[in-house]
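My request is simple: use the sequences and hints to build the entire structure.
Listed below, chain by chain, are the residues.
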Amino acid sequence: MQFDQILQYTLSGLSTGAIYALIGIGFSIIYNATGIINFAQGEFVMLGGLLTMSCLTVLKLPLWAAIPCAIAVSTLVGILFERLAIRPLRQPTPINLVIITIGGSILLRGLAMLVWGKDTHSVPPFSGDAPIAIGGATILPQHLWILAITLIIIFINKIYFYHTISGKAMRACSYNRRAAGLVGIDVKRMVLFSFIISSAMGAVAGIIVAPLTMTAYDVGVMLGLKGFCAAIIGGMSSGLSTVIGGLILGVLESLGAGLISSGYKDAIAFIILLLILFFRPQGLFGKADSERV
Amino acid sequence: MLEVSGITQIFGGVTALDNVSFSIAKGNITGVIGPNGAGKTTLFNIITGIYSQTAGTVTLEGKNVSGFPPERLARLAMVRTFQNIELFGGMTVLENVMVGMHTRSSSGLLACALKMPWTISEERRIRDGAMKWLEFTGIVDLADHLAGSLPFGKGRLLEIARALAVEPRIVLMDEPAAGLNSQETLGLAQLIKRIRDLGITVVLVEHDMELVMDICDRIVVLNLGRKLAEGTPREIQESPEVISAYLGDDD
Amino acid sequence: MAKPIRSGSDAMKRDFLLFIGFSVLVMLAPQYFRGGYMMNVLVFVGINTMLAIALNLLLGYAGQISLGHAGFFGLGAYLSGIMTTTFSLNPWLAMPLAAVAVGSLAFLIGFPVLKLKGHYLAMATLGLGIIFFIIFNETYEWTGGPSGLSGIPYLELGGISFNSDVKSYYLIWGFTLAVMLFALNLASSRVGRALRAVHDSEVAAQVLGVNARLLKVQIFALSALLSSIAGSLYAHTMTFISPTSFGFNFSIELLTMVVIGGLGSIYGSFLGAALLTLLPEILRGANDYDIIIYGGLLMVMVMYMPGGLVRGIPALFRKLAGRKGGVDHA
Numbered sequence: 001m002q003f004d005q006i007l008q009y010t011l012s013g014l015s016t017g018a019i020y021a022l023i024g025i026g027f028s029i030i031y032n033a034t035g036i037i038n039f040a041q042g043e044f045v046m047l048g049g050l051l052t053m054s055c056l057t058v059l060k061l062p063l064w065a066a067i068p069c070a071i072a073v074s075t076l077v078g079i080l081f082e083r084l085a086i087r088p089l090r091q092p093t094p095i096n097l098v099i100i101t102i103g104g105s106i107l108l109r110g111l112a113m114l115v116w117g118k119d120t121h122s123v124p125p126f127s128g129d130a131p132i133a134i135g136g137a138t139i140l141p142q143h144l145w146i147l148a149i150t151l152i153i154i155f156i157n158k159i160y161f162y163h164t165i166s167g168k169a170m171r172a173c174s175y176n177r178r179a180a181g182l183v184g185i186d187v188k189r190m191v192l193f194s195f196i197i198s199s200a201m202g203a204v205a206g207i208i209v210a211p212l213t214m215t216a217y218d219v220g221v222m223l224g225l226k227g228f229c230a231a232i233i234g235g236m237s238s239g240l241s242t243v244i245g246g247l248i249l250g251v252l253e254s255l256g257a258g259l260i261s262s263g264y265k266d267a268i269a270f271i272i273l274l275l276i277l278f279f280r281p282q283g284l285f286g287k288a289d290s291e292r293v
Numbered sequence: 294m295l296e297v298s299g300i301t302q303i304f305g306g307v308t309a310l311d312n313v314s315f316s317i318a319k320g321n322i323t324g325v326i327g328p329n330g331a332g333k334t335t336l337f338n339i340i341t342g343i344y345s346q347t348a349g350t351v352t353l354e355g356k357n358v359s360g361f362p363p364e365r366l367a368r369l370a371m372v373r374t375f376q377n378i379e380l381f382g383g384m385t386v387l388e389n390v391m392v393g394m395h396t397r398s399s400s401g402l403l404a405c406a407l408k409m410p411w412t413i414s415e416e417r418r419i420r421d422g423a424m425k426w427l428e429f430t431g432i433v434d435l436a437d438h439l440a441g442s443l444p445f446g447k448g449r450l451l452e453i454a455r456a457l458a459v460e461p462r463i464v465l466m467d468e469p470a471a472g473l474n475s476q477e478t479l480g481l482a483q484l485i486k487r488i489r490d491l492g493i494t495v496v497l498v499e500h501d502m503e504l505v506m507d508i509c510d511r512i513v514v515l516n517l518g519r520k521l522a523e524g525t526p527r528e529i530q531e532s533p534e535v536i537s538a539y540l541g542d543d544d
Numbered sequence: 545m546a547k548p549i550r551s552g553s554d555a556m557k558r559d560f561l562l563f564i565g566f567s568v569l570v571m572l573a574p575q576y577f578r579g580g581y582m583m584n585v586l587v588f589v590g591i592n593t594m595l596a597i598a599l600n601l602l603l604g605y606a607g608q609i610s611l612g613h614a615g616f617f618g619l620g621a622y623l624s625g626i627m628t629t630t631f632s633l634n635p636w637l638a639m640p641l642a643a644v645a646v647g648s649l650a651f652l653i654g655f656p657v658l659k660l661k662g663h664y665l666a667m668a669t670l671g672l673g674i675i676f677f678i679i680f681n682e683t684y685e686w687t688g689g690p691s692g693l694s695g696i697p698y699l700e701l702g703g704i705s706f707n708s709d710v711k712s713y714y715l716i717w718g719f720t721l722a723v724m725l726f727a728l729n730l731a732s733s734r735v736g737r738a739l740r741a742v743h744d745s746e747v748a749a750q751v752l753g754v755n756a757r758l759l760k761v762q763i764f765a766l767s768a769l770l771s772s773i774a775g776s777l778y779a780h781t782m783t784f785i786s787p788t789s790f791g792f793n794f795s796i797e798l799l800t801m802v803v804i805g806g807l808g809s810i811y812g813s814f815l816g817a818a819l820l821t822l823l824p825e826i827l828r829g830a831n832d833y834d835i836i837i838y839g840g841l842l843m844v845m846v847m848y849m850p851g852g853l854v855r856g857i858p859a860l861f862r863k864l865a866g867r868k869g870g871v872d873h874a
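Chains as they are written, first to last, in my numbering: chain W, 1 to 293; chain X, 294 to 544; chain E, 545 to 874.
For lysine-lysine, the following DSS-like pairs were computed, each having C-alpha atoms within a straight-line distance of at most 30 Å:
#1 X:356 / E:659
#2 W:168 / E:661
#3 E:711 / X:408
#4 W:265 / E:659
Cβ-to-Cβ under 10 Å is the rule here; a few derived chain E residues that face chain W:
#5 611
#6 661
#7 679
Note that these hints are calculated values from the structure, not bench results.
All values reported here derive from a predicted model rather than from experimental measurement.
Just so you know, even glycine gets a beta-carbon here, dropped at the ideal spot from N, CA and C.
Shown next, in the form of structure tokens:
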């Protein structure tokens, strides 16, 4: 009985963790390419879910068409965000960047409220909602979708960063932006690319989670922060460490909510965040040489 | 005055400084010279508490100060300047120098916020003291300008004025002549001599050989993280090791 | 900040007159803005001014961001509220006790928090603020949870209870002016200079003997303490508090006030607080959409007026005047 419960919490924790991981990787990609923590990252998660909902209900598109449509629009917003908010900034000090991305985040949230109102909206699951039994626990098909899609995205990511020219250029930027510029990499383009990739990833996360949790104009805040927490655990890596970070966070949250108190569920992520920042700023798996400045 | 002994610094497997020892006499101007990559700036950063060394000790007036943070060294009357001048760009020239009086004043946060009577007289003392150092360095007419708007040469003078406001017994200058034109370098040489005449010990890392040979009493030569030679300018100029290190014909 | 003036005593005299003038305006305001509603709004302007100044000391002077200040504000409000309701303490005693408790807590947390810089500092303080918010919501037995804490007593002095709009106005603005004077003094002092020095170049400040680490923690604690006092005053003026007033959104609102008014300007904080408090009142009906305006304002200010209104408006006038008149500036 107790074991089944733990299994149940762990399984559902893994799927929320996968979402955190996707969002966290989005944070890391932008951070590595630009040194910016994009506080608006969570808003793309919100956009993904709500745009899918609109494509389904307003445009009457089938799901397989609604999803790419939502991703495309979110990515477009990501491009506009980079062009209109990040690039024109004349004094890109860390504080100004924090303020401008927060400003952008609030603006996007406000516009979403204007478009979709304050209600929560639901998105139908991708393949029904008949529970599947695993041991003494049950999961929904959507949980499997989340895990599978996350795996695929991470795989594509890996191929992009290690086997394509622009992916390699982006990694070069993350090691040393100036040197990358000197060897002829168009750093500004890479910055734009990083915003494209992470807004698309954020949107995907928002789309696959929406059938489980419903969605609304303000879901981006918490999901964004949890994703950041995953990235911090992973030492701002855009690969496996952040995925593990997300999964750890998801499972701990789920166990904490189930076994201790659901009210403090959200606090768990922030306590982990603070502990990591205070004691292991290089991430849980990183070597102690990187400085968080 | 200042003694470094056995200073070794290893950065991720690379030995930047290897067992460097020398001592600096009170009231002297000492130059630390050496080709690029000799470890001069690293040594300065260790002496002034910016880095902590892998091994070795720094002794200031008989006191072991290894690993002391810079603010503690300032209280022990040691101060430095930076190669790429580090001014408080958003503050006026006068205010910059007033920050230099920090260790020479004591009003705390609450006393300042409540404007206790003694803070007002202290403030006057800080202002007068700062003006004195602006006069000493000859930039008093710039007192109300924003430090961030100064031309480089004037910024260098401001940085020195600010350091002097600490009322140090020893000043370390990291390439004070870098970025100065020949006119300004001449003025700088005079200024450094006047600083020594105040009884302040001066140590400088410098590339401008003419300046070093002109004003230094002693010279320490570093090469590839090791001390190569030490002596008076004349001795250094005639030292075969130094000449070969500089001309690079030792292989 | 205005142009520097040659002699120190001239500058002091000018600052003093400016403050006196401002205080007179504040004291006369109730003569011109009659009506409980307007008074009530001006009470909020006062509280927000205190909070904006507190945050500005940290962000504008020391250059350290905090996205969790609503938490300290809430902590002050709740501590005051709980001490005066559950423990029936005198509000005048509860307020300083709360302030010292919050200040001490911030001092302790400050050491690990302020080791972080830039984005990481922003995230850590944001996390702190959210943890406080969750605590306000979850410790029902003390705070009443999401439904709030009511029955908090008004402040009283010499038999006068500060229970009407005009009386609250004078109470709050008395405190606000005191906080303003406190901050103005601090800013123009040895400690204020050290703070700005740390902002501009931490390493140079350290070399000159400024203990940057301790100073940052001290100012963080002071900022939290002032926010706590504002929180206590809020609790004793509203007599009812609930967690929604102390969430992440309010931290962002405070940040917006400081940035819009002008980083490192005390009067700027007043301008920012006044603008952001009055704006929703002016845009009545568009109430829900004020967050769009905050977001837009933040972005526009950082992009086009990074010095805030207090510097941007005079610069704008100078530019316009220059364009019309032409030659007075060489």
